[in-house]
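Participant: Please build the complex by placing chain B on the supplied structure of chain A, with the hints as guidance.
In the order they appear, the protein sequences are chains A and B.
1 is the number of the first residue of the first sequence in the UniProt record's numbering; add one for each residue after it.
1 is the number of the first residue of the second sequence in the UniProt record's numbering; add one for each residue after it.
Treat the hints loosely; a few may be bogus.
When chains are identical, the list treats them as one kind, so a pair holds in a single copy or across two.
What the hints assert, rightly or not - Derived pair list, reagent style EDC-like, types lysine to aspartate or glutamate, alpha-carbon separation capped at 16 Å:
#1 Lys43 x Asp32
#2 Lys93 x Asp152
#3 Lys3 x Asp177
#4 Lys93 x Asp246
#5 Lys93 x Glu153
#6 Lys111 x Asp66
#7 Lys115 x Glu185
No lab work stands behind these hints: they were computed from the structure.
There are 2 protein chains.
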Amino acid sequence: MSKSLYIVKIGGNVIDNPDACARFLSDFASLDGLKILVHGGGKVATQIAARLQIETEMVEGRRITDKPMLDVVTMVYGGLVNKNLVAQLQALKCNAIGLTGADGGIIRSVKRPVKTVDYGFVGDIEEVNEKQIAALLGSNLIPVIAPLTYSDEGLLLNTNADTIASATAVAMGREYDVTLVYCFEKKGVLSDPENDDSVISSLTPESYESYKSTGVIYKGMIPKLDGAFAALHDGVKRVSICHADDLLLSAKSAAGTTITL
Amino acid sequence: MSKSLYIVKIGGNVIDNPDACARFLSDFASLDGLKILVHGGGKVATQIAARLQIETEMVEGRRITDKPMLDVVTMVYGGLVNKNLVAQLQALKCNAIGLTGADGGIIRSVKRPVKTVDYGFVGDIEEVNEKQIAALLGSNLIPVIAPLTYSDEGLLLNTNADTIASATAVAMGREYDVTLVYCFEKKGVLSDPENDDSVISSLTPESYESYKSTGVIYKGMIPKLDGAFAALHDGVKRVSICHADDLLLSAKSAAGTTITL
Numbered sequence: 001m002s003k004s005l006y007i008v009k010i011g012g013n014v015i016d017n018p019d020a021c022a023r024f025l026s027d028f029a030s031l032d033g034l035k036i037l038v039h040g041g042g043k044v045a046t047q048i049a050a051r052l053q054i055e056t057e058m059v060e061g062r063r064i065t066d067k068p069m070l071d072v073v074t075m076v077y078g079g080l081v082n083k084n085l086v087a088q089l090q091a092l093k094c095n096a097i098g099l100t101g102a103d104g105g106i107i108r109s110v111k112r113p114v115k116t117v118d119y120g121f122v123g124d125i126e127e128v129n130e131k132q133i134a135a136l137l138g139s140n141l142i143p144v145i146a147p148l149t150y151s152d153e154g155l156l157l158n159t160n161a162d163t164i165a166s167a168t169a170v171a172m173g174r175e176y177d178v179t180l181v182y183c184f185e186k187k188g189v190l191s192d193p194e195n196d197d198s199v200i201s202s203l204t205p206e207s208y209e210s211y212k213s214t215g216v217i218y219k220g221m222i223p224k225l226d227g228a229f230a231a232l233h234d235g236v237k238r239v240s241i242c243h244a245d246d247l248l249l250s251a252k253s254a255a256g257t258t259i260t261l
Numbered sequence: 001m002s003k004s005l006y007i008v009k010i011g012g013n014v015i016d017n018p019d020a021c022a023r024f025l026s027d028f029a030s031l032d033g034l035k036i037l038v039h040g041g042g043k044v045a046t047q048i049a050a051r052l053q054i055e056t057e058m059v060e061g062r063r064i065t066d067k068p069m070l071d072v073v074t075m076v077y078g079g080l081v082n083k084n085l086v087a088q089l090q091a092l093k094c095n096a097i098g099l100t101g102a103d104g105g106i107i108r109s110v111k112r113p114v115k116t117v118d119y120g121f122v123g124d125i126e127e128v129n130e131k132q133i134a135a136l137l138g139s140n141l142i143p144v145i146a147p148l149t150y151s152d153e154g155l156l157l158n159t160n161a162d163t164i165a166s167a168t169a170v171a172m173g174r175e176y177d178v179t180l181v182y183c184f185e186k187k188g189v190l191s192d193p194e195n196d197d198s199v200i201s202s203l204t205p206e207s208y209e210s211y212k213s214t215g216v217i218y219k220g221m222i223p224k225l226d227g228a229f230a231a232l233h234d235g236v237k238r239v240s241i242c243h244a245d246d247l248l249l250s251a252k253s254a255a256g257t258t259i260t261l
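Bound conformation, chain A alone:
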């Protein structure tokens, strides 16, 4: 039987709230067994960019990463956010190690080709080095991964944290029983966006199609769920989506939305 491994993604909205983030980290630290944390960026990058008088350009909800913005996200995601998460986890006796995709060459990508939109320094993942990540886990380390990857040319590239989480889950799924948990500021996938308690407790491909066709599930939730189903198809054992406060309950299937094939 393979070893169990949790891959937990924490969203930027939670990171932006110090109290919520501290509660989440305390729960993450107490989660038993092998684990990896993947974090989003939050609003700090946009705030720092504004103070540096760098404009943030968005197209269809995605940030355009020109060179000045790449430097900002490298500083904020790879430095400020990542290292503060690591230091807080260390204080909780959780042996965290902060990584971008470049560190140990764990996540290699290619700069996204320009089609209709030039996204700039954005990386599409080519390869996750599961052996190197397994070696870190084997050294009793808990990887904390920032949403940055690297290319063969030595470029750092901005990469969506949900995508990093699912690609890492799929790669590690070859050797481990992987549970992928997306933690964010809602209690799960909601059937009524106005009602925080309208959590859909279980989603299958059939019910997902039905919710999409009736418009119940829409917008930003769609790429997240598409990624979740793709991860299950590619060997991840279990995917769930829950509130950052419910990580430990979700691990026992007692909260959030569980996604199954």
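Facilitator: Leaving out everything else, chain B in the frame of chain A:
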């Protein structure tokens, strides 16, 4: 016989010059055997702080690290500088992993007590976790260490890169034959600061005292050399100081200043 290990410190002035930095990284990548890179900060932190309208206060050549400045050095040293060095080394097929002292708990410090000067968020090193660093080396990783440490309370702390290099060298010296090399923008310790070729090829405690008493060696070189001699006393096999372009020559004792007991 113990395994050999190089610990190379690269100064901020070299990092500030992209061409000099690229040449240095190419040499570092081609250095045979186990190795660790420790890097300084450079001027970028001061520049970013100025653009963020954060004042840089210096006392006796040392930066005062208040909370806004701690965030800047965390972003710049731990993020921008560290991750770009790692990505460039990866492109050179050198399996670098960027770390602060918090990552893997490798360098724990205490916030410097306030005496006559309050240096703010500055850490004095308490412990280097040589077992964790050895485990990373054993996983074929090349640690690239930023000048930041952490405290038991989960604080990140600004720590001098020369001090990190010598403390790491001493700790690793218990299990490895450590060569500590300080690379900077001069060809070594100079007997005439106006003449770049006046390199003192060898320094002993006696000749060091003599050069100090006559004022030949002064100012910023003194803490660096005090650290070098202390490292030798504490079990480091060899210490040298050389130009960043001369790393490979220095490894063969063919350039720079060699410090011996």
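Participant: Against the structure shown, which of the earlier numbered hints fail to hold, in ascending order?
Facilitator: Numbers 1, 4, 7, in rising order.
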